[in-house]
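J.: Listed below, chain by chain, are the residues.
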Amino acid sequence: MTKPIIQLQDVQKYFGDYHALRGINAEIDEGEFFSLLGPSGCGKTTLLRVIAGFEDVSTGRVLIDGKPMEGVAPNRRPTNMVFQSYAIFPHLSVARNVGFGLRRAGLTKDELGRRVGEALEMVGLSGYGARAAHALSGGQRQRVALARALILKPKVLLLDEPLSALDKKLREQMQVELIKLQRQVGITFILVTHDQEEALVMSDRIAVMFDGQIAQMDDPEVLYRRPKTRRVADFIGVMNFLPAEVLFEAGEKIEIEIAGLGRAEISSDQAPRGGGDGATSVGFRPETLTILYDGQQATDREARAKVEEVVYYGDMTYYDVRLEGTDKTVRLSMRNVFGREVLPIGAEARIAWSPGALVLFR
Amino acid sequence: MSLAQKIGRMRRTDAASGILLVSPTALYALLLLAAPLATIVVFSFWTQDYLTIDRSWTLANYRVAVTEPIYGQLMLRSLWISGSVTVATVLLAFPIAYFVSFHVDPARKSLWIFLITIPFWTSYLIRVFLWKVILGYNGVLNSTLLGLGIIDAPLTFILYNANAVVITLAHAFAPFAILPIFVALEKIDRSLLEASRDLGENRVTTFLRVTLPLAMPGVVAAVLIVFIPTIGDYVTPRLVGGPEGLMIANMIQTQFLKLNNAPMGATLAVLAMLIVTVVSLVFVALNRRFLRRQQ
Ligand SMILES: Nc1ncnc2c1ncn2[C@@H]1O[C@H](COP(=O)(O)OP(=O)(O)OP(=O)(O)O)[C@@H](O)[C@H]1O
Ligand SMILES: [Mg+2]
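As they're listed, the protein sequences go chains A and B.
Taking our numbering, the leading residue of the first sequence gets 1, the next gets one more, and so forth.
Taking our numbering, the leading residue of the second sequence gets 363, the next gets one more, and so forth.
Isolated chain A (complex conformation) (with noise of 0.2 Å):
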């Protein structure tokens, strides 16, 4: 049975006039690994500094291990944070970094140096002690940044867009190590990103946040395949929207007719209750249609299309696609298997698609 170690009751920050979280609402577990994820502004760093105690909350509650934080300096708290600039003290030495949190715990010398280097260990930078903090390269930075916060032990682990300093493939390396990390450790790790891509592959669970409030919490299967709001279908992934029409509910069926799809029959799960605007639309991710081609017969539904765009990936293809009798283009996805060829612009196409994979938004 997992407790929440994090506990946030309706939690509102103003800077002066500026109310920058509006009611924040979520329970983190123990053993967590949680993303925040919102586009610039929405109020991510905000949340986390009120986590770390480096704001105050204007009002609401926040509990950690069950005890409220009211008035806890940053220090007597019980996490531990990587900054986004890591903030590695450049007057001290990469072991002096990492052990600096550790001056009163009353250790003795030899057994200081001994944490320090299972923490550098840790994070693959064993032999670095002696360096100089201005002699490491951003993704050395960061692991130091990493190791000092984690040789305390804390019970959360806050990570300020830890990744956003570093190239694409570095990056993605340390995704893999930091998840491996966290499963090692089994600390609570929360992690703020504005990189969909990047909470997705790392999370259990995450908090998409709009404009200082938590739009939609959920794993990542959930919140990509059946995000609650045109919002945040838009945020993560690429989301194709067609205009839509309820014709009858009745119980757990949904009969709409689809803009250039036509008529189909979806559940009612397939239908979140979220913030609509009113428009009526259906969303589908580029990778539930597939192009049929010569001989293929659809296991479920078909439309014609006329390929306007491709893209190419290497891997993959992308197509923007003209659906049959519309003027509205929707982009699907084939992976390059062996042996299949890439359409060329102006082609006619087959498209499969299937009720079961569209997301009803209204």
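Zero decoy hints are in this set.
Ranges between beta-carbon positions, derived for each pair:
1) K67/A x L510/B: 52 to 60 Å
2) N649/B x V311/A: 54 to 62 Å
3) G509/B x G106/A: 55 to 63 Å
A short list of chain B residues far from chain A (calculated; beta carbon distances all over 10 Å):
4) L383
5) L436
6) I488
7) G501
Derived, one-sided and incomplete: chain B residues facing chain A with beta-carbon distance under 10 Å:
8) D551
9) L555
10) E556
11) S558
12) R559
13) G562
14) E563
15) R565
16) T567
17) T568
18) V572
19) L576
20) M578
21) L653
If you are wondering where the hints come from, they were derived from the structure by calculation, not from laboratory data.
Treat the numbers as computed from the prediction; the structure is a model and nothing was measured.
Here a beta-carbon is modelled for each residue, glycine too, at the ideal position from N, C-alpha and C.
Using the hints provided, position chain B with the ligands relative to the given structure of chain A.
T.: Chain B with the ligands only, in chain A's frame:
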């Protein structure tokens, strides 16, 4: 190749254009700094009898300077006074710089720095005289304290002695100490302080372990900027120092202008410069050690 071409070629190389750029300044410095300095050094090995200068090389002046107790005493007093000035100035400047850097709205910082420098727009001499007015027997301070009944008789330990010199100089050099410390504090990445708090240190220990070491270059600059010129100051001791507030520079002046012993004055000047250099180097070395120990 014509001269014009040669010059044109020369101007294209970086080194040459560098030399061209600094040469006016370098010439100026050579003329006004190096030349007089060399003259002083040369003079210190000569002797003078009333108005005639004996140009034979001798160490006699140095022997006198080392053996006559008056010079040693004056030198020690100068060191003591400018040391006190430095300590007082830097200790007072640090909180001011800290306050402006950490607790003033960023948009207002330059205004604050501007305000801090305003008193220093008036001539240094006028400011020294103002301190005389403030610290004098019937001065502002004494009459205020008397009027308030806090003291029965005017305080006499605040003017015409070393204390007055320290107070006046500390005030005069305050901005020179505030500015480098302020700049050093401004350069500190604020997230470092948060990182320290996050890693378990409170405000005080964060200051000692992060802020202070990182501000050290500014403090060192402030110490040197205050210490080096104050040890050679002679206007302030002359005006507010009284007989027991006189410093080595006053003696140098006396040697040159009153006792007609320019070589002796030169010798004292050279010795003073050497001592300042040694003290500064020792200080810088100590600071290095302090920072290295942190590593
Ligand atoms: N100290 C502050 N004073 C005033 N406004 C602030 C302060 N800190 C943040 N804000 C505002 O609060 C909002 C949320 O800021 P926050 O830093 O949490 O965004 P974020 O989601 O982390 O964005 P990013 O992805 O760009 O880092 C922003 O509009 C920002 O301007
Ligand atoms: Mg941020």
